[in-house]
Amino acid sequence: MMEQSTAYLVLIPLLPLAGALLIGLLHLGSSRVGNTLSEKAIGILACIAPLITFLFAVKVFFDLRGLPVEARHLSQQVFTWFKVGELDISMGFFADPLSSLMLVFVTFTGTLIHIYSIGYMAGDETYPKFFAYLNLFLGSMLILVLGDGPVVMFVGWEGVGLCSYLLISYYSDDRSNVLAGNKAFIVNRIGDLGFVLGMAFLFWAIGGSGFDYVSLKANAHLLQPATITLVCLLLFVGATGKSAQIPLYVWLPDAMAGPTPVSALIHAATMVTAGVYMVARFSFLYSMVPAVGLVVAWTGILTALVSAIYGMYQDDIKKILAYSTVSQLGYMFAGVGLAAYSAGIFHVFTHAFFKALLFLGAGAVIYALHHEQNIWKMGGLKSKLPTTYKTMLIGSLALAGCPPFSGFFSKDEILYSALASGHTGIWLVGVLVAGMTAYYTFRMIFVVFHGKPRDQKIYDHAHEPPAVMTLPLIILAIGALFAGFLNLPAIFGGGQAVSHWLAPSLAEHHPTGSHSTELIAIGASVVAFAIGITIAWRKFGSKAEAPVFTGFANFAYHTFRINELYDLLLVRPYKAFGSAIGNSSNCCRSATSGFTRSTWLSG
Amino acid sequence: MFENVLSTMIFLPVLAGLVLLMLPISQCAARRLGLAATIIILILGIRLAFGFSGAGGMEFSEVREILPTLGIQYSLGIDGISLFVLLTSALLFPLVFLVMTNQTKGCYGNLLIAQGTMAGAICATDLILFYIFWELMLLPIFFMIGIYGGPKKLPATIKIMLYTVAGSLLMLAAILYLGVAYHSQFGHWSFSAANLANLTLGGTAAVLAFAGFMLAFAIKIPLFPLHTWLPDAYTEAPPTATFVLSAIMAKIGVYAVIRFVIPTFEVEFARYALLLACSGVIGMIYCGIAAIGQKDIKRLLAFSSASHMGIIALGVFCMNIQALTGTLFQIVAHATSTGILFLFVGMLEERMGSREISDLGGIARKAPVFAFFFAIAMLASVGLPGTSGFIGEFLIILGAIKFNTAIGVLAGTTLIIGVCYMLWMFQRVFFEKSNERTSSFKDLTPIEALAFLPVILLILIMGIYPQPFIAKIEPAAKEQIASLLPAVQVANYTVLPKGQVSEHK
Amino acid sequence: MNCDIVPIIPLGIVGLGAVILMMLAAFEKIHLEVAAVFSMCVFALAFVMQLLPTGPSDMAPYSELFRGMLVTNGFTKVAALIILACGFFTAMSSTSYFRQNSFCTLEFYCLLIFSVWGMLLLTMARELITVFISLEIFSLCIYVLVGYNRRSATSAEAVLKYLMLGAFAGSFFTMGTALVYGAVRSTGFAAIATFIAENGFLETPALVGGVFFILFAFLFKIAAFPFHAWVIDVYDGASVPVTGFMATALKTAIFAVLVNFLSLDAGLKGAWLDILFYITVFTLFAGNLIAIGQSNLKRMLAASGIVHTGYLLIAVIAVGDNALSGNIILFYLAAYAASTLGIFASLSYLGGQDEKRCSFDDFKGLAKVRPYSAAAITVFLLSMAGIPPTAGFMGKFYIITTAFQSGQALLAVLGIVSSILSMWYYLRLIIAMYFHEANEPFEIEASPFAPICTLILAACVFAIGLYPMVI
Amino acid sequence: MIIDYLVLSIILFCLGIVGVISRRNVFTVFMAIELMLNAANLAFIALSRLHESMDGQVLAMLVMAVAAAEAALALAVVILLHKHTGKLDTNVFSLLKG
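Each protein sequence line maps, in turn, to chains U, H, Y and D. In terms of the numbering used here, the first sequence is numbered consecutively and its last residue is 603. In terms of the numbering used here, the second sequence is numbered consecutively and its last residue is 505. In terms of the numbering used here, the third sequence is numbered consecutively and its last residue is 471. In terms of the numbering used here, the fourth sequence is numbered consecutively and its last residue is 98.
Keep in mind that the hints were calculated from the coordinates and are not lab data. Some hints could be false.
What the hints assert, rightly or not - Calculated cross-link-like contacts (lysine-lysine; reagent style BS3-like; alpha-carbon spacing at most 30 Å):
1. D:Lys83 / Y:Lys269
2. U:Lys575 / H:Lys152
3. U:Lys83 / H:Lys433
4. Y:Lys368 / H:Lys105
5. U:Lys40 / H:Lys433
6. U:Lys83 / H:Lys478
7. H:Lys152 / Y:Lys368
8. H:Lys433 / U:Lys575
What the hints assert, rightly or not - Now the stretches of chain U that chain H is said to cover, found in silico as 3 or more residues with beta-carbon under 8 Å:
9. 176-185
10. 570-580
Said to hold, decoys possible - Calculated Cβ distances over 10 Å to all of chain U for the following chain H residues:
11. Ile25
12. Ile46
13. Glu62
14. Gly106
15. His183
16. Phe210
17. Ala291
18. Gly326
19. Ser358
20. Pro454
21. Gln467
22. Pro486
23. Val488
The C-beta atom is built at its ideal place from N, Cα and C for all residues, glycine as well.
Bound-form chain U, shown alone (with noise of 0.2 Å):
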């Protein structure tokens, strides 16, 4: 413990964790002697926690806020956690501007989802074994963002993991579901790897004194350049796994089998953005080699091109906000790649806001339609449900860059740090991505929304989901309608104040651009918005019908056959090789069996 004022910080993850493990048993003493609660006060029970913890996160920003610029961070060592030889790690907090930033939209795009479930999850036959798990992920979260070192961040990172994987395969009946679950964990673990190997060469090199960020930073200066690029790139490795970025970009649009205020809070919002936040947390080490910061930026880059490719030609709802979500991801790691990590961060928490809403929106037209994901079975939605076509269109102008919504700002820093560090290539991609996200959004909005419904039973039956689920999108809205402002630049005459508030805990050398470039980049991102978003008005704007893809339309709507070529490639030489392995030893049983036979049972 040190002072008693940062005692609570423990409490911030625990709470979830508590409520987790009490929903939990309710839910199991339920399987035996029948429901105890009713929905409604299960529901209310599981949001308790999330609130407090907003609460919390409030205080935290407030305390950090009290401290002088350079002594802004609070921490807590819970307990000793193993010390083995010079490895010494302790269950520790650690809050910083960073963190709590991470905090303060986790916990608030966590609460609202938990209302909104309740609404959305009514009636599921195990609806609170839904919110145990919702609570267990805002738990794993929460450590994931407050662990003060890499290891109890690994914590978070894997409890994270597994919440993604139980919630995929919520509906465990049908089969496709698990296995998109258990593709989530796997791939994950793939990353996880890299994640753990990277601390290990850490901690040989400089871990000897103490594993915690602080001392981290404090010895950061010893290490070898060589080690230091290996690091990253397994950290980066770690990264890829979590936030879905090539080449393990592939369980995300699969997870989307999940209940969609899952594919929100897990798959949008919070979760997929740990792998930033991780980047950004070894900002220290990152600063160090561009190069890696290089790759890390194209990786991104690429991820974002690839996707948006994807984007435009999905025919679910969701997959095209799971491709879009891939997308963004691509941006916040190409602005960390490039050492703007305060810009990529600001996208991370703006990204929350319109895309969880995005999300939102998404599950009460689904929720409204009865589960029809298929856009080309909608249409004119905009009468039926006018609530949720106004927050959506709120959200989509966000994603979509429109000025000056949430989204435009912090895309916008991305591709000004990256024209302005002179990376123009990147930049390109960038401004061409941004066009085609404008494309894809609104293709989605119009067909969902405008024109002629295509399917008048499923139109009769669309009904406005109720308050508890319309509130949420509400109050998104209006946070991706102004969250932009919070970090305004200065051109727009703003004091960039998340990103000077960010500065404590970041390692970031701000790029020197004149404010032509800036003017320039702007430009080019709004010029590119009004291409995408007219072009998607021509196509889809009045009245459209599922389009036949043929040749590279066709090729794109599947992906690229990429899952096929990691099926093929990876997954099947796998089980072959195993079962392979399996029989030999089998037919060595049997080959012992007949011997034995011929000298034993004889006998």
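Dock chains H, Y and D against chain U, hints included.
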């Protein structure tokens, strides 16, 4: 009774078992008797744990001369290395008697004898005594598999028997060689491990003796090329026997390497550590991959167990404090998790009469508690942080990387390999739709749930707050490493992975 | 002279008993079982007498009697004890055997006692002709015992083979004796020892040749490698109790005299060491290979007997000046005798009419039918295989240790390897008894003797195993 | 002089060995064995002469006695075998194949 608690823990179960086998009592009574005996042992074990200071060195020692002319002693004792192996067996055995309700009387009797003899092997500090128990602990398993085993039991029995007996007899030769060497060097006979550690060995003879020991232990663990008996034995054995084999007996192999081989054969050990580590890691990967191809859930778990034993053994051969502590920790962790996994499978078999993965499915819906416990054990065995599995594996991987980068990286792949087959199995067995076979599956009764709860809690506690355990393990591990250190310097292994120098050590 | 008589009182008792029994037999006065009990009493009495301290002979090792013809010391005494015990248990188990097989007459027991007498004499012999005579005394008795079942062609054939080869070996022995006599003008061990001490061993070719012939004869009698073939058939042909008796008592006697003879002089032994080494190795492995091939229990046991001969030869080679070595042979013999007699005792009442339960198949599922017999047999087998804490383990333990100590590491390791091989056929019987279902189990009306005998011997196996620990 | 006797006895002995190994008739085999024993006796006598002590001759007597006993037993066995199988050819005794 408490002053020679170790003898009690050894002979009480053996006597109980013999009585149980001799007396014509009913199966149910037999189970009760066994339960009572094991619970007494558990209580003793707990008292032992609290009486244990953990200062390093032997505690609760008992020494009696049994063959003075040859310096053979009946000498028992436990230290940080053996304590937890002993406690684990003490903790797990009552569980078997609680949940494995319809095994035969003979099975229960053999189970008790196995517990006693294994306790003997764990506590013995005299090599001859150790050898005696080491041989004896195989017999109950032999009979359990042979008499109560599955359809293909005979080849399995013969395999395991010939393998292990061959190994242990060669070990006997090595032991006797050591004894004679000691006599020639110090002028009097002694087989106590502590004395033999003072031997100055060298030349091919020493290497051969070392090989004799390692062979015996490698077969029991089992290390890679010698693992072929394992899948058959584990699969054909009755659940109780499989439980004993996987949870305790394999661990005793690792334990024996640490206890007897390292102090005596520092030089040889250091010289061949790399080779052995390779075999460990290869076995880990090989069996892990083989597991994915299995149709029989028990066989799958058998391979998974072999895979984990590979990495546990690896921890021993890395010769640094992290890895060794990790191994000792993982011994307990793996014993608990895999042990109850096998028990769960046993229950599945008892209740549904099939182990074919394809026959099962949808159990999670039918039996949430069962599924929940199973899931926790499974997650522990795939090393999820927050469960006991993570600490051990993390330490071992860390140590492995220090020992040799390549091996460390390969060891890391256990994260992936393990999760592949486990999730695959979990999906097929617990998720998806339930069929007519599984729809009748009954969940754990409250009694059973209570029986499993301590182990489940142990798994979680060891994951969340492992320091108390590690604090008791570490001193003993330190001694071992200290005894190794000069030899390691001789064999000049890289103290750090390539490309890294240590201003910091 | 008095102190000469005292040590051979047991000998006297046995001889007297034999004569008395023969007299009784001549007049058909007593019943078979009575005769059995009588002979048991004789053996028991002699055993007790043997145990009693017999005057100065304990003080002086190799104290000589009858002007160096006989000798008694700790070694011979223990050997005699083992032989007497063998006789006792054989008599005991044969009663049950002859419940089911009716070719027994009173002479059977006379011959038994006479052969024991010869063996006792052999253990004490310190003079070549005495050796020869005592050898022939019990050989002749055993020939008859082997062929006792006159109705069975196999036993007749067995006795023929045994007789031919035995006489062959005997003549070798005489020739050897003659040569030795020629060399040292005496046949007393002491004289030979002094002679060698004076002018060395290899210097006199006659002596070398003689010793070679003598060793040839001994190796034949203990069925060492080149001369092992006969054992299988003879054991197979003989009736179960006789087989047990041969396998244990005979071996004990011969090994006793062999050790006495070889420990005459270091040079004498040293000259044959290399040859003995190879003979030992081949004996071990030949025995194992033959045993693995067998499907008949008696033949398997005969072959495993060859293997045990191999172990004893290891001991003989390793016997040196150190404290252990002399007694380890006797210890191993005792351990081996206990378990072997035990198995044959159980066979003698499980065998049934005309030993119809003889192959491994016939023992399938025995554990279900007769759990205790099966358990006892398991104990004996484990002891033979050398699993602790049985007698066999301690025996092997001593032998291997001694081998290491006398620098015969290779021999020790080979011994271990062969005992790994031997697990194969011992386990096979256990597996047959426990892991298979019974096929047509037939009931046997057994007299209590053999089962009791089995029980006692099972206890002995553990007792001997733990004996070193309790003293 | 004395050496001739020894050579003779050795020759007889070897003849005996050859006989035992080569001949198949049971009688012949036993006669060969007797031959060997007597070779030994011859050696004894000759050597006792050489050493000018009576021991050798005594030993010879003993050996003869034993040989006689053995012979008696052998004949009994031969008769027994002849009862079982009308032949005396060792090759027909093949019940025990060892």
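Handout entry: Unsatisfied constraints (hint numbers, rising)
Key = Violated hints (numbers, rising): 1, 3, 17, 18 and 21; every other hint is consistent with the structure.
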